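Trainee: Make the full structure from the sequences, and use the hints.
In case you want the letters, here they are:
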Amino acid sequence: MGEPLLQIEDLHAGIPGREILRGVNLTLPAGQVHALMGPNGSGKSTLAQVLAGREDYTITQGRILFAGQDLAALKPHERAAAGLFLAFQYPVEIPGVTGMQFLRAAVNAVRKQRGEPELDPVAMLKRLREAAKLVDCNPDTLKRPVNEGFSGGEKKRNEVFQLAALAPRLAVLDETDSGLDIDALQVVAKGVNALRRPDRAFLVITHYQRLLNYIVPDVVHVLVEGRIVKSGDRTLALDLEREGYAAVEEKAAV
Amino acid sequence: MVAVAEQPDLYDRDLQRLQRHNAPDWLCDWRQRQMQRFRTLGWPTMKDEPWRFTSLKPVMDTPYTCVGPGEAHAAAITPQALEAWKLHQEGERILVFVDGHYRADLSSPPADLPQGVTSLAQALRDTPEDVQAVLRRANTVAMDALAALNGAFLLDGACLQPARTDTPPLLHLLYLATSAAPPRVSHFQNLIVVPEGGQITVVEHDVSLGAGRHWCNGITHLLAGPNSHARYYLLEESNPQAVNTRLIHAHLDRDSRVELHPALLGGGLVRNNIHGVLDGEGSHLLVNGLFVGRGQQHLDNHMRIVHARPRGESHQFYQGVLGEEAQGVFAGRIVVQPGAQQTDAKQTNRNLLLSDEARMNTQPQLEIHADDVKCTHGATVGRLDQEAVYYLQTRGLPLELAQALMTYAFAAQGLNRMNIAAVRRHLMRQLSAKLPHGRELAQMIEEPV
Ligand SMILES: Nc1ncnc2c1ncn2[C@@H]1O[C@H](COP(=O)(O)OP(=O)(O)OP(=O)(O)O)[C@@H](O)[C@H]1O
Ligand SMILES: [Mg+2]
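Order-wise, the sequence lines are chains W and S. So the first sequence is numbered by our numbering: it starts at 1 and just counts up by one. So the second sequence is numbered by our numbering: it starts at 1001 and just counts up by one.
Derived from the structure by calculation, the hints contain no laboratory data. Note that the structure is predicted; figures quoted are calculated from it, not measured. Possibly wrong hints are sitting among the right ones.
Unchecked claim - With a straight-line Cα cutoff of 16 Å, these simulated EDC-like cross-link-like pairs (lysine to aspartate or glutamate) come out:
{"no.": "1", "chain 1": "S", "residue 1": "K1374", "chain 2": "S", "residue 2": "D1344"}
{"no.": "2", "chain 1": "W", "residue 1": "K75", "chain 2": "S", "residue 2": "E1400"}
{"no.": "3", "chain 1": "W", "residue 1": "K143", "chain 2": "S", "residue 2": "E1446"}
Mentor: As structure tokens, then:
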């Protein structure tokens, strides 16, 4: 077991007048995959967005350490440079910017912040081709404006393509499996598994135990009303599927 | 401040000086008549509907003088200095003007220019009757006071009447304006005649040589013959002190195809009038306007498209970006005359405001006098998509760069309608230079050559 890459301590966060996360504790060591499950509206995406640095949310208590560094001081782009990646539940369309321009900009912006030299066009193309192959993406999508006119599944797959191209240390996948057909699900899972490394961690948000058959998690957490009410091994996901959140919640409360 | 009434006296003096140069009688008469018309019409004011949002007071209050031929002892301009403005496109031929006067020494050698491509001043010396005939054909649309003032100083500009050829060159008209005291005005005209089945690509390019004031009051007449194809780009890149008032008049004959791409990036006070007349069956007009203002820039786009014959198609896109305290105006009108059946006309004005102080006034209008037509128009004024900006930030782009990229992406919709790669590349650089993180942005979006 590696060093904790991500450490969330008593995190309270929300929007003015409403606390959505109400004391989250979570430790994710490098090399591991953790699943985060929970009913609709329990705060999973909020947690993901707070990690990415979305300004709509304010942290009122607690802290997030990423590789030992307090994230609060970092802007979203600095978090990306530090090695954090969020695959959005609802990926955004960017008309007028091609996938190629977008990824070139992203990869080089991150490298620049890290003090690494920018990739020349040839090296960049190579990197993007490899990433595309990993998630079975047609490299021609790079010529299209980002996500514009993409189907729901294509958008999700494109998120994993970006993940592969940016090679972060921590990837948060917010319901990347929702909207994917069986084949696409396997492709995405295969891609994620290929990206697993001892120095990289994943936080996989999902509603479905099915995904966890393909991406086998080390730990499953259950978030209910802004708190992690239970953590366990992968069998917890099976219990949830069988018994539902209410039953698991009750057991946890006991 | 100089009183308003004084300027016409100044103009009279300039005109008298111009008339002393050798010119055919009809031309001297023409100028006198135009000056008369200017006086009768008077300066447009903001009480006049077409000038509701744009004041010419700064122009009226400034003693702009018109220098005659040979008086424009221009600053030392070397051919090397011109390299920076060239488009570096295969087949590019350049005609250079300083304060509206042709400079053969800076232009492509005459042997490289196609037959029929010359300066207006030269054409007036060589074939005055021919020029007179073109002017008669061109002056069929209503001209306002500024056009009349231009006519009063008719002398130079570009006269482009190339014969039909398989490899039409790209004609680059580079208008350099000096900063002088007192400040100067140039009233040039470009006469472009495309023969039946001919093709032409013209890039007019307005640039300042200094940081001081100048006024450019130019007219372009583009007469597109039957079944011809003409592409006209206007690149306004003068300094923030500059005034640029102009008229681009396109007359389309049967089955012709004309593209007008006015790109207003520079200038302090800019008024660009587009007047298109689809006067032949089955003609096709594209107007692809782009204007990007910041600081105190005032960019006014005025457009009137007349469908006079059946089966005409016209598409007008105006894409505006306004930051800081810049102001933009779009007033577009499509007129479908009786009998212009099966007209297909579409007008869109989309604007992006980057600050609370920036202003945009937009008025798309239709005036339809035929029944079997398809006409649409619409305008939007919006802000940057915050969700998209945030998405880019999470991928590693600092806020300002993410905003600049989104701004560029908005303008790129206009650039992508331009099919000359060299022009696109040039504008892309100009545009990114106007945005924060310009150099990084340019690298990011550079098209592979
Ligand atoms: N910016 C916001 N403004 C107002 N309410 C918000 C905002 N963000 C989240 N919420 C609310 O906070 C709660 C948690 O939302 P969140 O999106 O984190 O849930 P979730 O667990 O991801 O749900 P789902 O499984 O449906 O995706 C919801 O009630 C939601 O409406
Ligand atoms: Mg969610």
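Trainee: All the hints need checking, so say for each whether the structure fits it.
Mentor: Each hint tested on the structure:
Distance check on the hinted pair: S/K1374 and S/D1344 sit about 5 Å apart at the alpha-carbon level, within 16 Å; holds. Using a Cα cut-off of 16 Å, the hinted pair W/K75 and S/E1400 holds, with the two alpha carbons roughly 12 Å apart. Our distance criterion of 16 Å between C-alpha atoms is met by W/K143 and S/E1446, whose separation comes to about 13 Å.
Comparing the model with each earlier hint shows no violations; every hint is respected.
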